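Trainee: Residue numbers (numbering that gives the first Met the number 0), protein chains in the order written: chain G, 0 to 474; chain X, 0 to 474.
Where hints are given, some of them may not hold.
Chain copies aren't distinguished; within one or between two, either way the pair holds.
[To be verified] Quick list of in silico lysine-lysine cross-link-like pairs, DSS-like style, CA-CA up to 30 Å:
#  : residue 1 : residue 2
1  : 7         : 367
2  : 235       : 201
3  : 201       : 97
4  : 331       : 240
5  : 56        : 281
6  : 201       : 411
7  : 82        : 97
8  : 82        : 98
9  : 97        : 76
10 : 3         : 472
11 : 56        : 307
It should be emphasised that the hints constitute simulated quantities derived from the structure, not laboratory data. Predicted model, so just to flag it, every value in this text is computed and none were measured.
Protein chains: 2
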Amino acid sequence: MVRKITPKSEDYSRWYTDVVQMAELADYAPVKGCMVIRPYGYALWENIREALDRRFKATGHVNAYFPLFIPMSFLEKEAEHVKGFSPELAVVTHGGGKKLEEPLVVRPTSETVIGYMYAKWVRSYRDLPILINQWCNVVRWEMRTRLFLRTTEFLWQEGHTAHATAEEAQEEALRMLDIYVDFAQNDAAIPVIAGRKSESEKFAGAVTSYTIEAMMGDRKALQAGTSHFLGQNFAKAFDIKYLDRNNELQYCWTTSWGVSTRMVGAIVMAHGDDQGLILPPKLAPIQVVVVPIWHGEEERGTVLAEAKKIAAGLSNLRCHIDDREEYTPGWKFNHWEMKGVPLRMEIGPREVKEGQAVLARRDTGERKAVPREALPEEIPALLEDIQTSLYRRALRFREENTFTVESYDEFKAIFEGQGGFVNAYWCGDAACEEAIKEETKATIRCIPFNQPDEKGRCIYCGREAEEIAVFAKAY
Amino acid sequence: MVRKITPKSEDYSRWYTDVVQMAELADYAPVKGCMVIRPYGYALWENIREALDRRFKATGHVNAYFPLFIPMSFLEKEAEHVKGFSPELAVVTHGGGKKLEEPLVVRPTSETVIGYMYAKWVRSYRDLPILINQWCNVVRWEMRTRLFLRTTEFLWQEGHTAHATAEEAQEEALRMLDIYVDFAQNDAAIPVIAGRKSESEKFAGAVTSYTIEAMMGDRKALQAGTSHFLGQNFAKAFDIKYLDRNNELQYCWTTSWGVSTRMVGAIVMAHGDDQGLILPPKLAPIQVVVVPIWHGEEERGTVLAEAKKIAAGLSNLRCHIDDREEYTPGWKFNHWEMKGVPLRMEIGPREVKEGQAVLARRDTGERKAVPREALPEEIPALLEDIQTSLYRRALRFREENTFTVESYDEFKAIFEGQGGFVNAYWCGDAACEEAIKEETKATIRCIPFNQPDEKGRCIYCGREAEEIAVFAKAY
Numbered sequence: 000m001v002r003k004i005t006p007k008s009e010d011y012s013r014w015y016t017d018v019v020q021m022a023e024l025a026d027y028a029p030v031k032g033c034m035v036i037r038p039y040g041y042a043l044w045e046n047i048r049e050a051l052d053r054r055f056k057a058t059g060h061v062n063a064y065f066p067l068f069i070p071m072s073f074l075e076k077e078a079e080h081v082k083g084f085s086p087e088l089a090v091v092t093h094g095g096g097k098k099l100e101e102p103l104v105v106r107p108t109s110e111t112v113i114g115y116m117y118a119k120w121v122r123s124y125r126d127l128p129i130l131i132n133q134w135c136n137v138v139r140w141e142m143r144t145r146l147f148l149r150t151t152e153f154l155w156q157e158g159h160t161a162h163a164t165a166e167e168a169q170e171e172a173l174r175m176l177d178i179y180v181d182f183a184q185n186d187a188a189i190p191v192i193a194g195r196k197s198e199s200e201k202f203a204g205a206v207t208s209y210t211i212e213a214m215m216g217d218r219k220a221l222q223a224g225t226s227h228f229l230g231q232n233f234a235k236a237f238d239i240k241y242l243d244r245n246n247e248l249q250y251c252w253t254t255s256w257g258v259s260t261r262m263v264g265a266i267v268m269a270h271g272d273d274q275g276l277i278l279p280p281k282l283a284p285i286q287v288v289v290v291p292i293w294h295g296e297e298e299r300g301t302v303l304a305e306a307k308k309i310a311a312g313l314s315n316l317r318c319h320i321d322d323r324e325e326y327t328p329g330w331k332f333n334h335w336e337m338k339g340v341p342l343r344m345e346i347g348p349r350e351v352k353e354g355q356a357v358l359a360r361r362d363t364g365e366r367k368a369v370p371r372e373a374l375p376e377e378i379p380a381l382l383e384d385i386q387t388s389l390y391r392r393a394l395r396f397r398e399e400n401t402f403t404v405e406s407y408d409e410f411k412a413i414f415e416g417q418g419g420f421v422n423a424y425w426c427g428d429a430a431c432e433e434a435i436k437e438e439t440k441a442t443i444r445c446i447p448f449n450q451p452d453e454k455g456r457c458i459y460c461g462r463e464a465e466e467i468a469v470f471a472k473a474y
Numbered sequence: 000m001v002r003k004i005t006p007k008s009e010d011y012s013r014w015y016t017d018v019v020q021m022a023e024l025a026d027y028a029p030v031k032g033c034m035v036i037r038p039y040g041y042a043l044w045e046n047i048r049e050a051l052d053r054r055f056k057a058t059g060h061v062n063a064y065f066p067l068f069i070p071m072s073f074l075e076k077e078a079e080h081v082k083g084f085s086p087e088l089a090v091v092t093h094g095g096g097k098k099l100e101e102p103l104v105v106r107p108t109s110e111t112v113i114g115y116m117y118a119k120w121v122r123s124y125r126d127l128p129i130l131i132n133q134w135c136n137v138v139r140w141e142m143r144t145r146l147f148l149r150t151t152e153f154l155w156q157e158g159h160t161a162h163a164t165a166e167e168a169q170e171e172a173l174r175m176l177d178i179y180v181d182f183a184q185n186d187a188a189i190p191v192i193a194g195r196k197s198e199s200e201k202f203a204g205a206v207t208s209y210t211i212e213a214m215m216g217d218r219k220a221l222q223a224g225t226s227h228f229l230g231q232n233f234a235k236a237f238d239i240k241y242l243d244r245n246n247e248l249q250y251c252w253t254t255s256w257g258v259s260t261r262m263v264g265a266i267v268m269a270h271g272d273d274q275g276l277i278l279p280p281k282l283a284p285i286q287v288v289v290v291p292i293w294h295g296e297e298e299r300g301t302v303l304a305e306a307k308k309i310a311a312g313l314s315n316l317r318c319h320i321d322d323r324e325e326y327t328p329g330w331k332f333n334h335w336e337m338k339g340v341p342l343r344m345e346i347g348p349r350e351v352k353e354g355q356a357v358l359a360r361r362d363t364g365e366r367k368a369v370p371r372e373a374l375p376e377e378i379p380a381l382l383e384d385i386q387t388s389l390y391r392r393a394l395r396f397r398e399e400n401t402f403t404v405e406s407y408d409e410f411k412a413i414f415e416g417q418g419g420f421v422n423a424y425w426c427g428d429a430a431c432e433e434a435i436k437e438e439t440k441a442t443i444r445c446i447p448f449n450q451p452d453e454k455g456r457c458i459y460c461g462r463e464a465e466e467i468a469v470f471a472k473a474y
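When you get a sec, could you build the whole thing from the sequences and use the hints?
Mentor: Given below as structure tokens:
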């Protein structure tokens with residue numbers, strides 16, 4: 000570990016890349032814009048997946064798998080959709096040594112091919128709703144890529160549902176957004192603002208896009224999950240129809256919603272510090288790392304035996320004993336701090352003799368000796384405290400960097416300075432939104448569900464405005 | 000459910016496709032050769048994945064994720080590998096609206112790109128072994144496809160390990176084959192023959208390929224999993240080197256091993272009958288389906304309440320109550336038989352009154368009334384019995400259709416008739432193997448690890464032969 004992490008304050012972007020690589024979350028693949036998710040990063044993703052999948056299944060969803068390849072003509076069936084995605088497509092033109100009659104697109108998202116299948120499967124109202132999710136890889140050709148945040152290929156889940164009525168589909172889109180809020184805040188310890196996207200920021204083909212937006216350590220926003228009410232756009236494009244109770248043919252109403260490996264980047268940037276990652280205990284691949292300390296063979300035996308006994312008593316936690324002989328305890332401390340393990344337990348001959356262990360928190364650095372018999376209660380309590388502390392710290396940071404402004408001069412000053420989230424009235428006109436983006440690089444992240452009762456004046460044009468929007472520079 | 004399953008005896012191939020589609024395991028995708036894995040089929044795959052993943056992790060492996068796209072030039076670095084895979088490649092030539100400088104291959108398997116990364120990661124013997132697995136999709140352009148058995152895109156796991164010595168790599172390849180045997184026999188209830196592939200049947204780039212071969216209901220063989228000792232072939236092609244304890248640079252020794260969604264097809268064909276699927280309890284998405292029987296609202300309430308109470312007492316089983324009102328009990332019986340649920344529980348007003356439930360086995364059709372209080376013990380015992388019965392039935396079928404022959408006439412007669420597995424001495428000459436294939440369509444499935452002590456005479460050329468090979472027509 001010769002190389003040091005670039006301090007956040009020196010260069011946030013390099014700090015991020017250093018942490019991702021040095022904590023062994025991911026590495027660059029030989030193909031431009033692609034990444035390799037290394038075992039430690041993948042274990043984190045597995046925990047994210049598990050936490051989301053549990054919630055999907057608890058709300059009646061099932062998993063399935065749809066094909067990677069989509070005929071180019073499918074994308075063209077929904078006008079907005081193809082406009083949005085065609086600049087980002089990877090295209091297969093040859094298969095089995097021959098040129099294909101119709102080029103195939105590597106899925107950038109699966110509304111089209113899933114719509115095609117739903118049209119085959121849905122006959123009557125009895126077949127509805129269809130509540131399917133899939134975990135898969137998708138490809139979007141990106142010019143400027145960053146590990147986890149924007150890669151040509153990424154992993155995600157995409158839910159696709161079909162309903163008999165607009166109300167049901169709307170409810171579904173909002174239900175899934177709620178699940179994302181719950182996951183982000185309670186498991187990833189990242190506070191998020193939930194709301195809808197402006198027309199210019201919404202998903203290509205959606206009627207309404209909902210989003211959760213999080214503030215990163217550099218005060219920029221990161222879209223951490225989206226849920227779309229697709230109306231009948233895809234149902235009409237793919238002829239997803241059902242016979243209703245009066246035996247009349249109706250188009251379905253559909254939704255889609257997704258969270259991706261980008262969430263890993265969000266966790267890095269929401270919690271990490273100059274020593275490396277800080278992982279929320281609920282998602283950490285290792286929750287407690289035990290570092291035994293010894294001099295000589297005899298001590299080693301005693302200390303390791305004690306460490307194993309203690310670890311055995313923590314069997315419902317993800318606990319790891321680092322008993323490697325080729326590294327010093329000091330090296331191990333740094334190593335596991337870099338990897339963001341929430342809690343470290345140190346056990347040396349003195350601790351064995353005194354019947355205790357030293358616990359060190361990754362988030363605050365606090366160390367304390369705890370009697371052996373108290374560990375099975377103390378450790379889960381500490382992990383819970385770390386989980387809520389991380390959330391509170393991130394929330395405080397967001398609050399300290401969220402501003403409500405009255406004038407466009409104030410608005411501009413913020414984005415010329417450190418940046419942050421800015422709450423400002425917006426008249427709803429895309430021209431104002433565009434001008435603001437042009438002049439400040441800040442975009443509308445969302446129009447939050449929580450709105451004040453009063454009307455106001457558009458921060459840009461001064462006309463009457465119904466709603467406040469959250470503006471920020473974004474990933 | 001108007002359409003009926005084609006009987007096995009009438010047309011095995013149509014029977015298979017009928018069962019896969021009517022049990023809603025999979026459907027045809029709009030792109031030729033691709034499939035959609037429907038929720039019921041995917042739930043089965045999730046259970047297969049879970050059963051394998053648990054075994055991989057218990058033997059020290061970790062999961063990771065490598066990119067979908069591989070530069071064409073990578074495949075060319077290993078001469079045998081590119082020869083084997085180039086006829087099956089899907090090629091991306093355009094990305095983001097532009098022609099790519101170097102075409103990208105959609106991974107048919109990942110030895111090359113993983114080899115490239117291992118070369119970056121491995122420095123010294125301390126970094127070894129690397130024991131990584133990945134769950135992903137792969138693409139092999141196929142001319143003749145069949146749902147699950149041979150599709151252009153399929154899901155699988157591919158393990159890739161790197162070791163300091165040949166012995167360790169050999170051990171690993173065999174350890175993983177053992178895990179496949181254990182999984183196939185104990186979880187999928189499919190007896191398999193383990194052995195090595197002949198030179199002409201081995202993986203493109205391997206030194207030795209090991210395989211497990213299963214007999215399907217039409218007496219054909221299905222390769223259900225393979226494990227390869229790759230020697231230093233990929234280490235040399237990708238420069239995977241390490242400094243040994245004497246500070247000298249050495250090439251690594253690598254392995255790879257995989258099981259795919261083909262396993263779903265194997266389960267269908269090993270156990271299914273003319274009523275549909277029969278799923279082994281350990282992998283069945285639903286282990287017990289409860290069909291409540293009622294006339295009128297009042298009975299409905301009583302019966303459903305009882306069904307729910309019983310199901311609540313079976314919380315460690317995958318239990319489903321089919322309380323739909325729009326279908327009759329008879330329809331439901333057929334439906335869940337088609338879907339291969341191992342055990343059906345019937346509860347009507349009479350059962351409620353008498354404090355019992357009727358249990359019906361999917362494998363034998365046996366029905367018996369069981370007192371309510373005995374259910375929590377009786378049901379797991381029955382499921383275990385079904386699990387072992389399925390295995391024994393499949394083993395008996397294989398034994399009844401496995402022949403040891405002394406003459407090539409006998410050999411030919413078998414493959415002109417019903418077919419089966421034929422044990423015969425083989426001299427090891429690829430010319431004999433090829434001639435046999437030409438004349439009978441039977442190929443060497445494997446050279447089993449278990450061999451007789453005596454030598455024999457090659458079934459084709461009559462020369463002295465060291466080993467017996469298993470011949471069969473294969474999927």
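Trainee: Check the structure against each numbered hint from earlier and tell me which ones fail, lowest number first.
Mentor: none
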